[in-house]
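Use the sequences and the hints to build the structure in full.
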Amino acid sequence: MSMDIDLIFKIAAIGIIVSILNQVLSRSGREEQATMTSLAGLVVVLMIVAQKIADLFDLVKTLFEF
Amino acid sequence: MDEFWKASAAVLLTVVLILALGKREKDISVLLTMAVCCMVTVSAITYLEPVLDLLWELESIANVQGGMMEILMKAVGIGLVVEIAGMICTDSGNSSLGKTIQTLGTVVILYLSIPLFRGFLTLIQEILGQV
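Taken in sequence, the protein lines are chains A and B. If you're matching positions, the first sequence starts at 1488 in this note's numbering and goes up one per residue. If you're matching positions, the second sequence starts at 263 in this note's numbering and goes up one per residue.
FYI, nobody ran anything at the bench for these hints, they're computed from the structure. It cannot be assumed that every hint is accurate.
To be verified - Calculated from the model, a selection of chain B residues having no Cβ within reach of chain A, i.e. all distances over 10 Å: (1) Ser322; (2) Gly348; (3) Asn356; (4) Leu359; (5) Thr368; (6) Tyr373; (7) Phe379; (8) Leu383; (9) Ile386.
Unchecked claim - BS3-like, lysine-lysine: derived pairs with alpha carbons at most 25 Å apart: (10) A:Lys1497 to B:Lys288; (11) A:Lys1548 to B:Lys361; (12) A:Lys1548 to B:Lys336; (13) A:Lys1497 to B:Lys285; (14) B:Lys336 to B:Lys361; (15) B:Lys361 to A:Lys1497; (16) B:Lys361 to B:Lys288.
Glycine included, C-beta positions come from ideal geometry on N, C-alpha and C.
This is the structure in structure tokens:
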């Protein structure tokens, strides 16, 4: 298993895009849509991170004989 | 050793990206921290694998009483996971959650080490019985 640098960029890119969309939507008076965009971005990133956490837990379980 | 340089670079890069995300997207920057912590720990554990193999080899040479090494290994695993989780919680401003997970880890390790204490107690009783 190797370090996935692309994943770091992917998460940061999602964060920046969500931030920009949030600003644009907020300024144009669509507060609800801005909130929903933030939430959608968060869920997408959470799904990616959950996979990584599961990988770590599986590795720890295998290696430390749980 | 290539993995070590990659991990170091990734951590430094993440710090800059978190600063770029700033306070606007605090939740995503916490998730980014979590992902990088997981990936770096996976790399660290990959290096730990031969060390653990050596420990198992030493255990078979020393003929340590059965089950003792497994308990120690589990304690190390729990300690590692709990430490990372605690640090992430503290970093994201939830130090109470961090302390709670660390307490949970300590209690679970104590629970796992009951057979060790029992073995020690039996040994003491045997020694005292012989005197």
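Cross-check of the supplied hints:
No beta-carbon of chain A is positioned within 10 Å of the beta-carbon of Ser322 of chain B; the least distance is around 14 Å. With a least beta-carbon separation of about 15 Å from chain A, Gly348 of chain B lies farther than 10 Å from that chain, consistent with its non-interface assignment. Every Cβ of chain A is farther than 10 Å from the Cβ of Asn356 of chain B; the closest lies at roughly 16 Å, confirming the non-interface assignment. No beta-carbon of chain A is positioned within 10 Å of the beta-carbon of Leu359 of chain B; the least distance is around 15 Å.
Against chain A, the non-interface label of Thr368 of chain B holds: every CB pair exceeds 10 Å, the least being about 17 Å. With 10 Å as the threshold on Cβ separation, the claim that Tyr373 of chain B sits away from chain A holds: the shortest Cβ distance comes to roughly 14 Å. The beta carbon of Phe379 of chain B is kept farther than 10 Å from every beta carbon of chain A, the shortest such distance being approximately 20 Å. The claim that Leu383 of chain B lies off the interface holds: its Cβ sits roughly 25 Å from the closest Cβ of chain A, which is beyond the 10 Å cut-off.
For Ile386 of chain B, the shortest C-beta to C-beta distance to chain A comes to about 28 Å, beyond the 10 Å cut-off, and the non-interface label holds. About 16 Å separates the Cα atoms of Lys1497 of chain A and Lys288 of chain B, which keeps this hinted pair within 25 Å; it holds. A threshold of 25 Å between alpha carbons decides the hint, and for Lys1548 of chain A with Lys361 of chain B the separation of about 23 Å falls inside it, so the pair holds. Among the hinted pairs, Lys1548 of chain A with Lys336 of chain B is consistent with the structure: their alpha-carbon atoms are about 9 Å apart, no more than 25 Å.
Pair hint Lys1497 of chain A plus Lys285 of chain B holds up; C-alpha atoms about 19 Å apart against a cutoff of 25 Å. At roughly 20 Å between alpha-carbon atoms, Lys336 of chain B and Lys361 of chain B fall within 25 Å of each other, so this suggested pair holds. At roughly 31 Å between alpha-carbon atoms, Lys361 of chain B and Lys1497 of chain A are farther apart than 25 Å, so this suggested pair is violated. A distance of roughly 21 Å separates the Cα atoms of Lys361 of chain B and Lys288 of chain B; the hinted pair therefore holds under the 25 Å criterion.
Comparing the model with each earlier hint shows a violation of hint 15 alone; every other hint is respected.
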